[in-house]
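> Given chain A, put chain B in place with the hints provided.
From first to last, the protein sequence lines are chains A and B.
This note's numbering numbers the first residue of the first sequence as 1 and each following residue consecutively.
This note's numbering numbers the first residue of the second sequence as 1 and each following residue consecutively.
No lab work stands behind these hints: they were computed from the structure.
It is possible that some hints are incorrect.
As the list claims (entries may be wrong) - Calculated lysine-lysine pairs in the PhoX-like style (CA-CA distance at most 25 Å, straight line):
1) B:K481 to B:K329
2) B:K484 to B:K337
3) A:K98 to B:K131
4) A:K479 to B:K253
5) A:K169 to A:K274
6) A:K274 to B:K256
7) B:K253 to B:K481
8) B:K253 to A:K274
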Amino acid sequence: MLAQPMTIQIIDQIQPMIFDLATRYRKTLRGCRYADIRVQVDEGQAAAAENGGSKHSTRDYGFAIGIRALSGNGVVAPGYFGRSLGAADLDSMERVVKDGLRHAHHRALANAERKTSARAEFGPLADALGSTTLAPIDIYQDTVPAQFEIDPRTVPLDELVALTTETSKRTLALDPHVKYTFISAFTLLTRELFCSSEGANIDQTFALTQGTCFIVAHGTSGTQELYDYMGHQRGWEALTRGVHEESIRFPDFRTFCANLTKDAVSLCNARPLKATDREVVVVTDPHYNTLTAHEIVGHPTELDRALKLETSYAGRSWLFRNLHEHQLGQPIASPLVSAFSDPSLPGYGHYKYDHEGTPATRVTHIDRGIFTGFMNSRQTAAILGVPPNGSYKATDASLVPLIRMSNTVFGPGERDPGEIIREIPHGYYLVGHRTPSIAESRENFRITAMKVYEIKNGQIGELFCNGGIMADTKDYLMKVDAVGNDFRLYPIPNCGKGQPMQTKRLGNGGPTMRSRARLTGISK
Amino acid sequence: MVSTAELAKAVEQGLAYLRSAEQVTEAELFAASNGNLLARLNYTSHIPCNGVEEPKSSESYGLGITAVFKTEAGITVGFGSEPSDLSLDGVKRALEKARRGAVADPEFSSLPRPTGERRRLRRYHDPKLMKIRDEELVEVGWRVLRGSLKTFLNSPRLMELAGAQDRIKELGLIVGGDVTIQQERIAIASTAMPEVQTDESTLIMAFITAMVEAKASKGSGCSAGTRLDQFTDAAGVEAAQNALAAIGGERIKGGKYTVIFGRQPVADFLNNLILPSLSLGNFYSDSSPFMGRLGKRVASSRLTLYDHGAQRGLMGSKGITCEGLPTGKTRLIQRGKLVGLLASYYEQQRILRDPRSIEKLGADPNEHGGAIVPRNGFRFWAGGGRQFGVQPGIASTNAIVQGGDQSLEELIGTVKDGLLVGRIWYTYPINGLRAGDFTCTVVGDSYIIKDGRIVAPLKPNTVRINDNILSILSNIIGVGKEVKGTLVWAADEVIYTPEIAVRNVRLDEIASFMEQL
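In isolation and in its complexed conformation, chain A is listed as follows (with noise of 0.2 Å):
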């Protein structure tokens, strides 16, 4: 007999046997103090094509389980499971989640014996050893619905195939000088359901649509690889028709891929530009700026990193040297300066509550150039003595959640961007980000743009390709001494941290913004 077939649907069917493991069947584990079981099931439809040709189409599901149990008689320590599933899992659902259950708390329970041997053998050493603590919150029972115009279930797969192939063969005869074409989109839902042995029991349902497009166009300066996306928690009127909201603004995807098109075009035949040993005035957009905001703005603020758990990967932070030494309360970028990160704004980085039921919050970075707070989780709230403010998600429910960026972005301004760049009697103007190198601790930073443009006399001139800026991320915010009121959010659908390394789609933004930094060019 086929299985039933697998849908968002499966939530309803599934939530009440998942509240109750978690709540009931969770206390029948001896030792374990406390779990959580998160679900997720996605249903979407994606096509991709390449020089003009039709490469893949698919309309599938995903469906996969993470759960976490805190568990020690004495101390406490953590354990946790993940495991992909599909339609033929639904029969013996509660026994997988058992197992898996079982399994969280098992490693638990042998972690904290282990953590307890070593607070003997190691002595002081060990004292910062102790037992693993989640910062209290408020517990919620909830439902939240996707936003969508057209539900991405009911767009034929021949639509997506049709609009990435035509879009493929369009751009790649827009002009002689491209050279290849790649062109994709998806467009799905994800539903979420946690539940915790605290009674949380959330059921969040999110509509995704993207598309992506990357040209390669070879011209009189050699060769331009250009890639972009464009996006929203939409459904698949995000692609057709664009997107017009206030702080979210996109053309359909047909002219988005034109655009960048003639952008590559353009650039591959501008002279590119050359490094300077000295800062210089540079203007950046708020496509660069979205970049920049993630970098160095977003990343240092995840308190995990600021606590150590990504050394070995992602990085630390140069915010926080330890608990006594931080620049909470410093100033650390000019006045005109203020950046946060806000799960309430539209866009890939919206939210209602995290991966472990709190409630999601704006987060006040820096304000008016005073550092003033972290991304956390409530494992690393407790560690700082604070509240959790919601910004602890994964990628898929099979792994473990990170500390996340939401919408994170440098606020907007009261400048108009013109005159901005009119008052320069000479500098630079950066326009769309493309590339970002950071420095571990994130207190340095060489990001290149698509576009660089020479200002003179407060007019914008030639175009150069191949450029960027590279800076101290203290001096260069310290720097800046105008920001527009032309706020943009963008989408980022590829930030990477975590091992095994997840790759998460999430929101940054910004206005133009102008400040002093050296110019980066080409190597060779």
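Below, chain B without anything else, positioned relative to chain A:
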């Protein structure tokens, strides 16, 4: 974990069904079961912590079908998969997904065909790693952490710096990283290669970072193998020893230096810049810095690089690819000359028919078939092993830089004013892959060399490298003779390399404001 026999049975029965399925002219069935078990460490002597922070696992199994359909509209090809179901029902569901998603790919020629090479590697996994228990997973994490803590506890240098043993913790000791165990089982057969093939591999590896944070010193340690019995605390001990050795780091001025790159930086260059540039897919898309250079010099004659997926005992070895083809040795750069590329069957067939192939490669692929043998079609995904739910892409297995004739001491002896760089970070092609420009920062395990000897540690996070990979490859002036395996965060391949000395590397001093915090 699902047994190899169960996977093989599912593939055999499924293929029999696919042979008679309506409109199906070709089909391939790939079944896999993967376990990724990981003990993630976080020890901080000065901040509350768990020691072993995350003992965890992620498991999956299922099957994937690639099918070619003869329809009224012409030939189409599709892929579909079904998780957690190896029955005929699962096969039917995956086939319907493949049928629903099938497209007319104008560059598709056929599903993989035998290459004429023979499989060389069988029965190389460790049964104990396949059956590791929850307690053992936790134990391997603590074993490595205790190695670091013992090293710190017994360090006279830390005692001297702290003044008393109970104050050592105030120096901000950090141990992070993980022990990862990978369990992989696959079975594959197709209408073109109907005999069911299976493959089973295991891997245990540790990558550890230790710090004495108050002294801004950082050290790394890694170990990797295929056997649980051989796993020790070596990575933890090595990381702590390297952190202790790096105490007292100094800054340097920006400029051009001779740099001896240690194994991790070479691995980072390979993973982020060189191996992608040697992928046939990036030649198709005009994105490799080696475009048009097949058969021509691309590096110093001191450099020889190859991929070898069939060498017993190496961590990245596999018996067969995820296309069912034998793994083997692919020469990539031979004494500085580009002689081969990493290929999958699809990309090999596509470039053979590409009207721009000679322009792209610099040679006619039909006359240089040995340079593009499909030995690297794998279904790796998100560090989770060989996944049934994805189609093959190109991945290296064991990327091996051939050892030279100088010891590390001899290499250091040749450097008048330079650096030994042991760990770099965030190495990205900053202006697109083809331009070759890259940047990264030096984050630990590094030393200043004067007049042929090490004179001081280099302070971490004070130098950024801004250079071009083609220049780096051309400016190699020495290759060490001791080849060892090393790991790169989130990489699928394992790198075996010695140290490599390069002249005229461009460095910029960074983050001087940190000295005033």
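> Provide an ascending list of the numbers of those earlier hints which the structure does not satisfy.
5 and 7
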